[in-house]
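Colleague: As a plain string of letters, each chain reads:
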Amino acid sequence: MDTVLLSRLQFALTVMFHYLFPPLTIGLGVVLVVLEGLYLKTKDLQYEAAARFWTKIFALNFAMGVVTGIVMEFQFGTNWSIYSRFVGDVFGSALAAEGIFAFFLESGFLAVLVFGWDRVSAKMHFFATCMVALGSIFSSVWIVVANSWQQTPRGFHIVRNTVGGVEQIRAEIVNFWEVLINYSTVHRLLHVWIGAFILGAFFVMSITAFYILKKRHEDFARKSFGAALWVGAISSVLALIQGDLQAKNVYQHQPAKLAAFEGHYKTGRGDLHLFGVPSDAEQRVKYGLAIPGGLSLLLHRDANATVTGLDAFPPDERPPVLIPFMSFHIMVALGVYFIALTLLALVYWWRGTLFDRRWLMWIFVFSVIGPYVANQLGWVAAEVGRQPWIVQGLLKTSEAYSPSVSAQQVLGSIIMFGLIYALLFAIFLYLLNAKIQQGPELPEAVVPAGPVEHGYLESAAQLTDHAGESMTDARGKLTRETRPESDGKE
Amino acid sequence: MWFAYETLCVIWFVLLGILLTGYAVLDGFDLGVGILHLTTRDDRERRILLNSIGPVWDGNEVWLVTFGGAMLAAFPNAYATIFSGFYTAFMLLLFALIFRAVSIEFRSKTQSAIWRRVWDIGFSVGSTLATFLFGVAVGNAMIGIPITNMEFTGNFWGLLRPYPLLVGVFAVALFAMHGAIYLYLKTEGKLQEHVHSWMWRGFGIFLVLYMLTTIYTLAAVPAAVRNFQDHAWAWIVVVLNVLAIANIPRSIYHQKPLQAFVSSALTIVGFIFLFSIALYPNMVTAVDPAESMTIFNSASSAKTLFIMLIIAALGMPFVLAYTAVIYWVFRGKVQLGEHSY
Numbered sequence: 001m002d003t004v005l006l007s008r009l010q011f012a013l014t015v016m017f018h019y020l021f022p023p024l025t026i027g028l029g030v031v032l033v034v035l036e037g038l039y040l041k042t043k044d045l046q047y048e049a050a051a052r053f054w055t056k057i058f059a060l061n062f063a064m065g066v067v068t069g070i071v072m073e074f075q076f077g078t079n080w081s082i083y084s085r086f087v088g089d090v091f092g093s094a095l096a097a098e099g100i101f102a103f104f105l106e107s108g109f110l111a112v113l114v115f116g117w118d119r120v121s122a123k124m125h126f127f128a129t130c131m132v133a134l135g136s137i138f139s140s141v142w143i144v145v146a147n148s149w150q151q152t153p154r155g156f157h158i159v160r161n162t163v164g165g166v167e168q169i170r171a172e173i174v175n176f177w178e179v180l181i182n183y184s185t186v187h188r189l190l191h192v193w194i195g196a197f198i199l200g201a202f203f204v205m206s207i208t209a210f211y212i213l214k215k216r217h218e219d220f221a222r223k224s225f226g227a228a229l230w231v232g233a234i235s236s237v238l239a240l241i242q243g244d245l246q247a248k249n250v251y252q253h254q255p256a257k258l259a260a261f262e263g264h265y266k267t268g269r270g271d272l273h274l275f276g277v278p279s280d281a282e283q284r285v286k287y288g289l290a291i292p293g294g295l296s297l298l299l300h301r302d303a304n305a306t307v308t309g310l311d312a313f314p315p316d317e318r319p320p321v322l323i324p325f326m327s328f329h330i331m332v333a334l335g336v337y338f339i340a341l342t343l344l345a346l347v348y349w350w351r352g353t354l355f356d357r358r359w360l361m362w363i364f365v366f367s368v369i370g371p372y373v374a375n376q377l378g379w380v381a382a383e384v385g386r387q388p389w390i391v392q393g394l395l396k397t398s399e400a401y402s403p404s405v406s407a408q409q410v411l412g413s414i415i416m417f418g419l420i421y422a423l424l425f426a427i428f429l430y431l432l433n434a435k436i437q438q439g440p441e442l443p444e445a446v447v448p449a450g451p452v453e454h455g456y457l458e459s460a461a462q463l464t465d466h467a468g469e470s471m472t473d474a475r476g477k478l479t480r481e482t483r484p485e486s487d488g489k490e
Numbered sequence: 001m002w003f004a005y006e007t008l009c010v011i012w013f014v015l016l017g018i019l020l021t022g023y024a025v026l027d028g029f030d031l032g033v034g035i036l037h038l039t040t041r042d043d044r045e046r047r048i049l050l051n052s053i054g055p056v057w058d059g060n061e062v063w064l065v066t067f068g069g070a071m072l073a074a075f076p077n078a079y080a081t082i083f084s085g086f087y088t089a090f091m092l093l094l095f096a097l098i099f100r101a102v103s104i105e106f107r108s109k110t111q112s113a114i115w116r117r118v119w120d121i122g123f124s125v126g127s128t129l130a131t132f133l134f135g136v137a138v139g140n141a142m143i144g145i146p147i148t149n150m151e152f153t154g155n156f157w158g159l160l161r162p163y164p165l166l167v168g169v170f171a172v173a174l175f176a177m178h179g180a181i182y183l184y185l186k187t188e189g190k191l192q193e194h195v196h197s198w199m200w201r202g203f204g205i206f207l208v209l210y211m212l213t214t215i216y217t218l219a220a221v222p223a224a225v226r227n228f229q230d231h232a233w234a235w236i237v238v239v240l241n242v243l244a245i246a247n248i249p250r251s252i253y254h255q256k257p258l259q260a261f262v263s264s265a266l267t268i269v270g271f272i273f274l275f276s277i278a279l280y281p282n283m284v285t286a287v288d289p290a291e292s293m294t295i296f297n298s299a300s301s302a303k304t305l306f307i308m309l310i311i312a313a314l315g316m317p318f319v320l321a322y323t324a325v326i327y328w329v330f331r332g333k334v335q336l337g338e339h340s341y
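Note that the protein sequences, when read in sequence, are chains A and B.
According to the numbering used here, the first sequence is numbered sequentially starting from 1.
According to the numbering used here, the second sequence is numbered sequentially starting from 1.
To be clear, the hints were calculated from the coordinates, so they are not data collected in a lab.
Glycine is no exception: its CB is placed at the ideal position from the N, C-alpha and C atoms.
Hints should not be assumed to be uniformly reliable.
Think about it this way: if two alpha-carbon atoms lie no more than 27 Å apart in a straight line, the pair counts; the simulated BS3-like pairs of lysine-lysine are [stated by the list, open to error]: (1) B:K109 with A:K214; (2) A:K56 with A:K43; (3) A:K248 with A:K266; (4) A:K56 with A:K435; (5) A:K43 with A:K286; (6) A:K56 with B:K109; (7) A:K56 with A:K41; (8) A:K248 with A:K56; (9) A:K396 with B:K303; (10) A:K123 with B:K333; (11) A:K43 with A:K123; (12) A:K248 with A:K286; (13) A:K123 with A:K56; (14) A:K435 with B:K109; (15) A:K223 with A:K396; (16) A:K215 with A:K56; (17) B:K109 with B:K333; (18) B:K190 with B:K333; (19) A:K41 with A:K266; (20) B:K333 with A:K56; (21) A:K215 with B:K109.
Some chain B residues flagged as far from chain A (calculated, every beta-carbon gap over 10 Å) [what the hints assert, rightly or not]: (22) E151; (23) L165; (24) V208; (25) L209; (26) Y216; (27) A219; (28) N227; (29) K256; (30) Y322; (31) I326.
Partial list, derived from the structure: chain B residues whose beta carbon lies under 10 Å from chain A [to be verified]: (32) T66; (33) G69; (34) N149; (35) M308; (36) F330.
I would like the entire structure built from these sequences, with the hints used as guidance.
Modeller: Structural data, given as structure tokens:
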């Protein structure tokens with residue numbers, strides 16, 4: 001294997017592992033802001049306990065994101081030096097801005113968020129939480145700006161220099177605002193955010209559905225589940241609407257990529273494949289089911305309109321079809337699943353029977369895998385669909401590697417990352433599970449001594465009496481005054 | 001444009017120096033705490049060490065990440081040459097930084113003694129290895145690396161020459177001392193006495209290595225001396241640096257740990273200043289001087305440098321302000337509590 005292929009594999013491995021964490025940071029960040037805001041407004045200790053619980057998971061997830069993120073920052077230079085020389089002038093400023101505007105903000109205030117509960121006032125803590133959430137959103141802005149510029153470059157010109165006797169071609173900024181708001185930034189940013197909100201919602205629903213099934217922390221779990229369900233349902237529907245607009249944008253600016261998404265080999269009427277297996281050899285989608293003219297209808301609002309196919313591009317400028325097609329279709333299918341599941345749950349929620357349907361709760365426990373997979377596959381489709389270009393239309397991936405790095409070196413580092421990441425992932429899951437098993441320290445359970453498990457079960461039993469009642473009604477039993485009682489029972 | 005192109009290049013060289021200084025001074029002490037981590041005697045002491053840097057190490061590391069991003073933006077050619085040229089060294093560095101970070105995060109999550117032991121070792125070895133590699137990188141930057149047409153032509157083992165290795169060991173001693181002084185500020189009682197002895201030890205080892213490195217530099221890096229002939233004012237920095245170093249033992253002796261910490265921080269500032277002067281006008285010094293890449297021919301366009309300057313001017317005051325706020329919030333001695341590591 002050569003340096004280019006190995007470097008691509010390493011980038012795929014490290015960026016996919018990294019992207020397990022940032023979407024949850026964004027999604028949970030918003031959850032924390034809401035919970036702490038509610039606490040400040042209502043002074044209800046339940047909200048504070050909930051915020052403290054999610055903060056622990058947020059912190060663990062954040063640490064994983066930081067650690068795997070440093071690798072990404074280095075890798076442009078270590079494995080893609082020609083690329084770095086070519087795009088540094090444009091792409092680098094977005095990365096540097098991410099550091100200055102986002103990373104300092106996030107990591108600085110994270111300290112207050114995690115360690116500052118007893119050191120600063122509740123308002124100051126809320127402010128810190130807002131800053132962390134804002135920082136993670138800023139971070140996504142800059143990184144999506146940088147990546148979108150690679151997809152749909154704008155606001156630059158190509159300059160030929162001679163550096164130390166070496167002829168060099170590179171992209172330089174002409175208009176910074178056009179670099180920022182290039183043709184696809186807004187769409188892609190919205191899609192990243194919606195994906196993060198869906199993940200955040202399903203993550204919260206997964207854990208709280210588990211508590212509901214196990215009859216632990218039930219009041220907390222129902223409230224969290226209900227709020228997350230709304231966020232999840234709205235975000236899932238938005239993903240469909242926004243995704244449709246984004247597909248048109250992709251078609252307009254990266255038609256080869258959209259053709260690969262849809263397995264549309266020949267220019268002409270576009271059929272919409274619900275599933276199938278694209279075959280490059282036969283230049284068609286096999287074993288599939290397609291809606292005739294469906295793609296034309298979606299893109300042009302006209303079932304007979306012509307859609308540009310892969311045959312419109314020279315063979316060496318066509319993306320591979322199988323991976324983008326499969327990732328895109330599975331992502332869309334998952335998106336439809338999210339809508340169906342959350343709307344069904346909302347119907348039961350409306351009727352007041354949601355939490356009694358254990359089968360549905362079990363589905364929610366495992367459905368968190370869906371948004372993880374969908375977030376990953378969305379990026380796979382976007383990145384593989386751009387091939388063979390590393391910067392659309394300007395520089396090919398095969399020409400962007402580091403000439404001074406050997407294949408053995410990259411193989412060595414892939415093995416190293418593979419082993420470390422496998423270890424980290426195992427420990428991450430172990431610690432995450434430990435935190436979930438431990439659960440939130442709800443107001444009456446804030447008792448340092450005694451058999452903890454017993455205490456939780458008992459408090460859960462107490463809370464079931466108040467199922468379905470409003471927060472304020474239940475509060476009498478939830479405040480700290482009841483602590484001596486539960487102490488006595490233990 | 002408000003600035004001449006050359007001026008912008010020099011400004012960004014200085015700004016990168018400031019980012020590197022911020023990183024070395026701040027992450028320097030938490031790496032130093034890691035280097036000293038295994039000298040402690042029991043679990044409680046190790047937890048205090050971890051929690052002394054707990055709220056800040058993450059933010060400190062951002063200086064490095066931002067340094068990397070800023071270098072890509074301001075000097076893409078130098079970034080590409082250095083990062084691809086030092087491939088294996090940087091992969092080891094990432095390995096060390098990852099292990100160190102997750103060790104801090106994971107260590108105290110369970111009660112198991114073996115678990116804690118493993119992560120204690122990970123934290124200490126990771127911190128030491130990372131510091132050593134930074135030193136080796138600086139040493140190589142000083143004496144020059146083999147480059148042809150902007151591409152590194154040597155290999156990893158060729159980077160492990162005597163001079164860079166000496167600078168690597170020197171960096172470990174410097175950060176260990178810096179970390180010990182920081183710990184003296186954050187601890188009390190028996191542990192503080194323990195740290196006190198390590199301040200002296202750290203300073204002693206540092207002083208010996210400082211003299212050795214200085215002599216070796218004067219002998220092996222003629223470019224470093226040449227710039228001092230051209231820019232006589234730079235001698236002031238040398239004098240100030242020596243004064244800062246001399247003030248470290250003086251402050252420790254007079255029981256003024258904060259002053260000792262400031263002196264040790266200023267010592268690091270001085271070193272990076274001297275390093276930058278020795279480098280100037282190169283970003284990457286090649287063994288063959290004709291192949292060296294200067295800050296002028298490896299920089300981005302004037303437009304990008306100017307935009308980046310605006311970004312830095314907008315962002316950095318905020319960064320400094322909330323860094324100060326956060327250090328203020330977590331001031332004082334370490335107390336282990338519910339949210340501690």
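Colleague: Output the indices of the hints that this structure fails to meet, ascending.
Modeller: Those not satisfied are hints 5, 8, 15, 19, 22, 30, 31.
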